[in-house]
Amino acid sequence: MALGDLEREIMTVLWETYLPMTVREVHQELARERHRDLAYTTVMTVLDRLAKKGVVRQIKDGRAYKYAPMQSRAEMTAALMMDALSGTPDQDAALAHFVGRLPPEALRAALEAIQRQG
Amino acid sequence: MTALLLGALGLTLSLIVPGPLARAHWPDRAPAAAVLLWQAITLAAVLSALGVVLAAPEELTRALGSGKPVAAAALIGALAVAAVIVLRLLVSLWGVSRRSRARRARHRLLVDLLDRAEQRQELDAGHVRVLQGNLPLAYCVPGREARVVLSDGALRLLDREQVDAVLAHEQTHLRHRHEVVMESFTAFYRAVPAALRSRAPLDAVHLLLEMVADDAASKRTGPAPLRGALERLTDAVPLAEEVMPEEDSRRRRTARLAAPQRPSRMLTGAVVAAAVALLVLPTVILVVPWLGQALAVWPL
Ligand SMILES: [Zn+2]
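Chains as they are written, first to last, in this note's numbering: chain A, 4 to 121; chain B, 63 to 362.
It is possible that some hints are incorrect.
Per label pair, the in silico range of CB-to-CB distance [to be verified]:
#1 A:Tyr21 <-> B:Val254: 48 to 58 Å
#2 B:Asp221 <-> A:Ala77: 22 to 32 Å
#3 B:Gln181 <-> A:Gln31: 19 to 29 Å
#4 B:Pro82 <-> A:Arg111: 34 to 44 Å
#5 B:Ala257 <-> A:Asp8: 45 to 55 Å
#6 A:Asp86 <-> B:Pro325: 34 to 44 Å
#7 B:Leu353 <-> A:Asp86: 44 to 54 Å
#8 B:Gly284 <-> A:Tyr43: 48 to 58 Å
#9 A:Asp8 <-> B:Thr74: 53 to 63 Å
#10 B:Ile147 <-> A:Arg111: 39 to 49 Å
#11 B:Arg160 <-> A:Arg111: 25 to 35 Å
#12 A:Arg111 <-> B:Leu353: 49 to 59 Å
#13 A:Ile62 <-> B:Glu180: 27 to 37 Å
#14 A:Asp8 <-> B:His87: 43 to 53 Å
Negatives, chain A to chain B, calculated, CB over 10 Å [claimed, not checked]:
#15 Glu19
#16 Leu22
#17 Thr44
#18 Ala71
Take a look, some chain B residues computed to stay more than 12 Å from chain A by CB distance [as the list claims (entries may be wrong)]:
#19 Gly72
#20 Leu73
#21 Pro82
#22 Leu126
#23 Ala134
#24 Ala144
#25 Ala145
#26 Arg150
#27 Leu185
#28 Arg222
#29 Leu258
#30 Asp277
#31 Leu348
#32 Val350
Calculated directly from the structure, the hints in this document are not laboratory data.
Only a predicted model underlies this, so the values are computations on that prediction, with no experimental measurement involved.
Heads up, the beta-carbon is just placed ideally off N, CA and C, and yes, glycines get one too.
Modelling step: build the complete structure from the supplied sequences, incorporating the hints.
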């Protein structure tokens, strides 16, 4: 299993469980619900990597660490979309859009309008 | 004389030419060549500015008839100014590409984590990522590990053919490294002092690159699905008044797709020739004869 898929699956477990989880809990959840038979240390390494990248929070709980996502899935998605569609044109050649960028006010209005519909 | 002529050329290229060229519609028929022309214009303007700076001291000392120490001082001053121009451009380019790389890396990380892999099974393209959300969205994250990102709002809005057209469009951006072109124009824009800079080249090149990608995509899927995708995606997102330039560029793209014209070989050839001439002629006509004189006078 590729590292990228592994990271995504572990994030999905954390997002769906909602409460902070220990490495062991994540490991068990992956085996039981997703039939992923991974080494305990692999899960630990991936959680560590995700924490280093700033998408997962490490919480000290007694002698063990618990892990929780920095943002809910919906929050992170909204922030990413916001970032993708905003940005002043002169500072940004980073992404290429199919249709044009929106100014921040228009973007907020668009996000709200669409969230209301859905 | 050389410095004056080069100065006039540089000012013409950076202040007079961009406006009308950005408004002209003929580049729509040869977008790739037009991008090349914009690159030549920008580069020739930079070279002219450097030429002025380097030619000025020699011409001044010749006109004023001063001695060697003055000539040497003027030459050193000129070299310093030229170095500042070059350095400013390089620093700007470095900054833009570093910031773009960081933003892309962050985007790649997050879209990989947020990806709803189950929604893109039938797309069978390994680098496509699908974000959950109603806001219709289609963009690409260039780089060595490039990604094309769609929202499931966009997937619901578009039919299969239209999705393929959008993917083909984005793949063209990635394959032709359009981000490098955009980065260089952005860097140039930011390096020019605020009072002199103009957005015209940046916006014009951006639109031309969209047209290049549209052309490549419609070669694969035909123009109709692409036009449909363009219309559906923009109609779904209410554009505000202040983004009229975006609105205008969308109209120009849609118009080309509605009445596809054969790419004009003649026009393309003429534009490429003009671009090459812009880079070569000033050197041959102005700089080479001047260099002969200057070498005799310069305190080397
Ligand atoms: Zn595009």
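Hint by hint, which ones does the structure fall short of? none
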